[in-house]
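One-letter residues, chain by chain:
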Amino acid sequence: MRMRRTAQWIALALVVVGALFVATRGDGGPRSIDERVREIASGLRCVDCQSQSVASSSTTSARAFRADIRRRVEAGQSDGRIRRAFVDTYGEFILLRPSGSGLGLIVWGLPVLVLVLGAGGLILALRRWRREPRLIATDADEQLVADERGTGR
Amino acid sequence: MKHPLRWSAVGVGVVVVLFLSVLSTQVGSEPTYSGGPIVDRNAPAFDLPVLDGNGVHVALRSLAGKSVIVNFWNSWCIPCQEETPALKEFWNRHAKDPDFALVGIVRDDTTSEVRAYVKKHDVGYTVALDPKGEAALAYATTGQPETYAISPAGVVTGKQLSRVSVDNLEALLGSARAG
Amino acid sequence: MKAALGVIAIALGTSASVLGVMTLAVGLARHDPKLLLAGRKYVFALLGAAVLAVAIMEWALIGHDFSLKYVAENNARGTPLLFTITGLWAALEGSILLWTLALAVYLAATAHRFRHRATDPIVAWATLIGLLVALFFFALMLGPANPFRVMSSIPFDGRGPNPLLQNHPLMAFHPPMLYLGYVGFTIPFSFAMAALITGRFGEGWLADTRRATIIAWGFLTIGIILGGWWSYEVLGWGGFWAWDPVENASLLPWLTGTAFIHSVMVQERRGMLRVWNLSLVIATFCLTILGTFLTRSGVLNSVHSFSTSDIGPWLLTFLAVVAGSGIALIAWRADKLHAPGRIDSPVSREAAFLGNNLLFAGLAFVVLLGTVYPLLAEALNGQQLSVGEPYFDAMTTPLGLALLFLMAAAPALPWRAASGDLLRRRLAIPAWIGAGSMVIAVMLDTRGLVPVLAFGFAAFALANIARSIYVGVRARRRANGEGWLRAGGRTVGSNPRLYGGLIVHTGVVLIAIALASFGTFGSRREVRLERGQSATVSGYTVTFLGTSLDRSAQKTTKSARLRLAQGGDVLGVYAPSISTFPNSTQGIGTPSVRTGIREDVYLTLVSSLSESKQVTVVVAVNPMVLWLWIGGGVMAIGTVVALIPVRRRDRATSDPAPAPAQPIELASEEVPA
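Here the protein sequences come in this chain order: X, C and Z.
The first sequence maps to residues 0 to 152 in numbering that gives the first Met the number 0.
The second sequence maps to residues 0 to 178 in numbering that gives the first Met the number 0.
The third sequence maps to residues 0 to 672 in numbering that gives the first Met the number 0.
It is worth saying that the hints were derived from the structure and are not from the lab.
All values derive from a computational prediction rather than experimental measurement.
All C-beta atoms in this analysis are idealised placements derived from N, C-alpha and C, irrespective of residue type, glycine included.
Wrong hints could be hidden among the right ones.
[Said to hold, decoys possible] Where chain Z lies over chain X, by a calculated footprint (3+ residues, C-beta under 8 Å):
#1 89-102
#2 112-121
[Said to hold, decoys possible] Which chain Z residues stay away from chain C? Per the calculated CB distances, all over 12 Å, these:
#3 T13
#4 L27
#5 V104
#6 R209
#7 R332
#8 P644
Let's have the full structure, built from the sequences with the hints guiding it.
Structure follows, in structure tokens:
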């Protein structure tokens with residue numbers, strides 16, 4: 000019985016892992032130019048709109064950005080090099096995904112740290128509670144509670 | 000002060016105080032982007048068609064050896080409309096100077112609107128069209144008006160990202176001549 | 000005259016709050032029930048003053064009284080009636096006025112609800128704190144945010160509201176909902192502070208504020224979703240959530256509030272997490288103030304910051320006082336706050352709630368940090384930085400997926416500890432349904448870890464919700480021999496909080512599925528069309544028929560008529576447009592959306608006003624967007640269900656004491672066989 004139960008959970012895990020494996024294997028082939036342009040553009044801030052990327056905006060400047068990105072992709076520049084070129088012109092301001100070095104450690108690292116500490120604290124507390132002996136209600140206690148609730152048996 | 004919770008409260012309080020004091024330093028300062036790091040660099044090249052120039056282009060290359068003021072503008076932006084008289088006066092002062100050029104680059108506007116505006120306000124200096132926004136991008140503009148000063152050696156010596164007065168323009172020209 | 004009347008109304012409100020605070024304070028100090036009874040009456044005076052002030056402002060708006068600066072700036076003769084009325088919340092001063100009215104309504108409703116307990120110190124303290132908050136907002140209106148300033152010279156016509164705010168009727172509902180949500184958290188906050196002051200931080204204040212908290216949470220949820228809908232229908236960039244500072248500011252209290260709604264149940268059930276719950280409520284209230292500060296003081300750029308003013312220092316000071324007093328009270332009560340309690344097993348309902356709280360707190364932290372990081376960077380080393388969608392997506396997606404999984408599994412977990420057998424009995428079939436959905440999603444060519452996990456967890460959650468409801472209804476049918484429908488209604492009525500919660504969860508699942516589909520299967524193309532020319536995007540053919548220009552005193556609108564066809568069927572003519580308003584230089588694009596159950600076709604006009612032979616159009620096919628709004632509606636229905644008063648079980652004696660918190664339990668299953 001117990002074996003069967005375990006086997007069932009293992010089978011379930013295998014199915015899930017299998018599905019995820021196929022799902023993440025990629026659909027093969029390199030990314031097209033359009034995909035690359037959109038990917039780079041969605042990481043750059045549209046300079047004359049608010050809180051939008053160059054990919055989603057239709058302003059003249061966003062279109063100029065996209066045309067420039069396309070030209071660079073077609074000229075064979077790498078994604079990183081294209082991003083660096085825009086940072087060189089506009090400064091770090093242009094990146095919607097702040098860099099992770101220097102001060103960027105705060106914005107990328109701190110949440111992870113807080114979550115890890117929080118999860119660690121929870122796990123420690125759970126383990127401590129587990130080791131502590133549990134107060135067990137005696138029959139007399141149960142009777143007291145039952146009397147109090149007026150449902151004495 | 001012996002309870003651990005009290006220490007946590009003190010810790011949280013310190014974090015909150017730090018956070019609020021950082022915020023308070025930002026109150027009243029407009030979060031305007033001050034543009035890309037373009038000053039003291041070589042000016043980005045441009046080569047753009049002149050308004051109603053029958054195919055004539057204006058290129059930064061051909062202006063080498065001159066002190067150049069580049070003004071990004073368009074017909075619908077209100078600060079641009081407000082600075083037009085200053086630009087005209089500045090142009091009238093220096094129009095005969097062979098070592099000087101003033102180029103107005105249109106950012107984000109249609110040719111017909113610009114033509115009407117130039118005619119109405121009798122703009123005398125070179126107006127170049129940038130329909131694909133290439134020059135606007137190369138100069139890291141984020142709006143208009145934006146004004147840049149370029150030295151005869153082709154180095155950006157100054158910029159202003161708001162409405163310019165004649166004095167501002169003279170100062171920019173001075174920096175271009177000095178650099 | 001209206002200006003004078005308005006200022007008098009605000010002065011009345013201010014004095015009512017001052018007098019109320021003083022009466023209650025003296026009454027509490029002297030233990031004088033008469034004073035406490037007198038003090039609570041000022042709440043109704045406050046409500047009267049707020050209603051009066053709003054009525055005067057609406058009177059001025061509808062009468063186009065441009066002698067008032069606020070009316071002159073946010074109304075014009077040509078403004079339609081709907082947007083004249085909504086002009087009340089078109090700018091900062093009016094928003095504060097609406098905010099104050101909402102607060103007065105909440106305070107009066109609370110005072111009415113606790114009319115029989117007006118002399119109870121916890122109620123008196125809570126009223127006092129509520130009045131202090133109201134005093135702050137009235138003082139704002141007497142000072143820097145005075146809505147009744149007058150013009151030195153009366154203009155013939157006003158400027159009219161911001162174009163973005165007079166474009167869609169949703170604007171009539173989204174801000175009031177949001178304010179009702181924000182303001183509502185004042186009630187649990189004031190009771191939490193009162194509990195700390197009076198030292199009665201047991202479970203009483205939780206039971207007292209349960210309904211107010213759920214009401215506030217429900218309004219905030221609706222407000223946020225309507226905001227997304229408005230953004231999608233009006234802003235025209237094709238999305239509904241841009242991680243813009245104002246959007247984040249509304250999300251922050253929602254995240255901590257949601258955490259609170261869940262963790263409350265652990266305290267009700269096990270008496271644990273007292274400090275945590277108090278902190279969450281105080282934090283939620285602080286975040287509503289912080290959000291107002293961030294979006295109304297102009298420290299951050301945002302699409303929604305339609306007006307800024309000099310109330311920044313006021314809000315910051317208020318925030319400091321609120322946070323400081325909350326922390327100080329907790330520190331003061333530190334030695335008494337510790338509650339004995341333990342969690343027996345990591346596989347239990349209460350442990351799942353702890354996980355839920357960790358994830359929600361983590362999400363709130365990420366969103367807060369990402370929102371203020373540009374400010375921090377500028378203050379610390381003068382660097383100008385941006386934090387946008389790629390950051391928030393990367394950080395929140397794993398947390399969101401973990402929450403979706405918890406939401407799927409946790410409602411099936413019993414309190415205290417779960418045996419392996421129980422887990423198998425309850426979770427095996429839903430888990431297989433979830434895994435099966437992942438396999439189907441992969442077979443239907445879904446690629447990527449996130450969407451496949453999201454679809455699987457969503458199916459798992461739906462199956463589990465269906466199982467819970469089925470088991471509950473079946474048990475009732477067996478016990479009472481009722482029909483399915485009647486048993487269903489009775490089951491929900493017997494534990495509205497549980498079933499309301501499950502309905503809210505269903506709404507969340509719908510939204511999760513919609514988000515995953517939107518992010519995975521959407522397509523978007525910009526096309527340039529001559530008149531008569533067509534382009535095909537994802538099976539939809541768009542043909543440019545012509546343009547039309549519509550001029551009125553209000554605005555000039557250019558629209559492009561586009562015929563939309565799929566296969567051979569013409570679906571209709573759609574007309575995305577660009578409007579220019581007299582008070583604004585830039586054109587405002589209005590998308591035209593063909594809404595469908597499976598997907599939307601979203602058309603935006605890009606090219607400028609002067610061209611007519613050619614247009615540039617963005618054609619986007621957005622899957623499942625409708626389900627975001629449906630999911631929001633389901634969440635709202637669930638919230639209402641959760642608020643249904645509990646039907647007393649067939650008891651002979653009626654219970655005069657305040658209703659105890661309803662246990663969340665599938666009672667029929669909990670009884671050991």
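Each hint tested on the structure:
1. Counting residues of the stretch 89-102 of chain X whose CB lies closer than 8 Å to any CB of chain Z gives 9, so the stated coverage by that chain holds, three being the minimum.
2. Counting residues of the stretch 112-121 of chain X whose C-beta lies closer than 8 Å to any C-beta of chain Z gives 5; at least three are required, and the coverage claim holds.
3. Every beta carbon of chain C lies more than 12 Å from that of T13(Z), the smallest distance being close to 25 Å; the non-interface claim holds.
4. With a least beta-carbon separation of about 24 Å from chain C, L27(Z) lies farther than 12 Å from that chain, consistent with its non-interface assignment.
5. Once the 12 Å rule is applied to beta carbons, V104(Z) is consistent with being away from chain C; the minimum gap is 30 Å.
6. At the 12 Å boundary, the C-beta of R209(Z) stays outside the reach of chain C, the nearest C-beta of that chain being 25 Å off.
7. Taking the minimum C-beta to C-beta distance to chain C, about 9 Å, the non-interface status of R332(Z) is violated against the 12 Å cut.
8. Here P644(Z) stays apart from chain C, with its beta-carbon at least about 36 Å from theirs, past the 12 Å limit.
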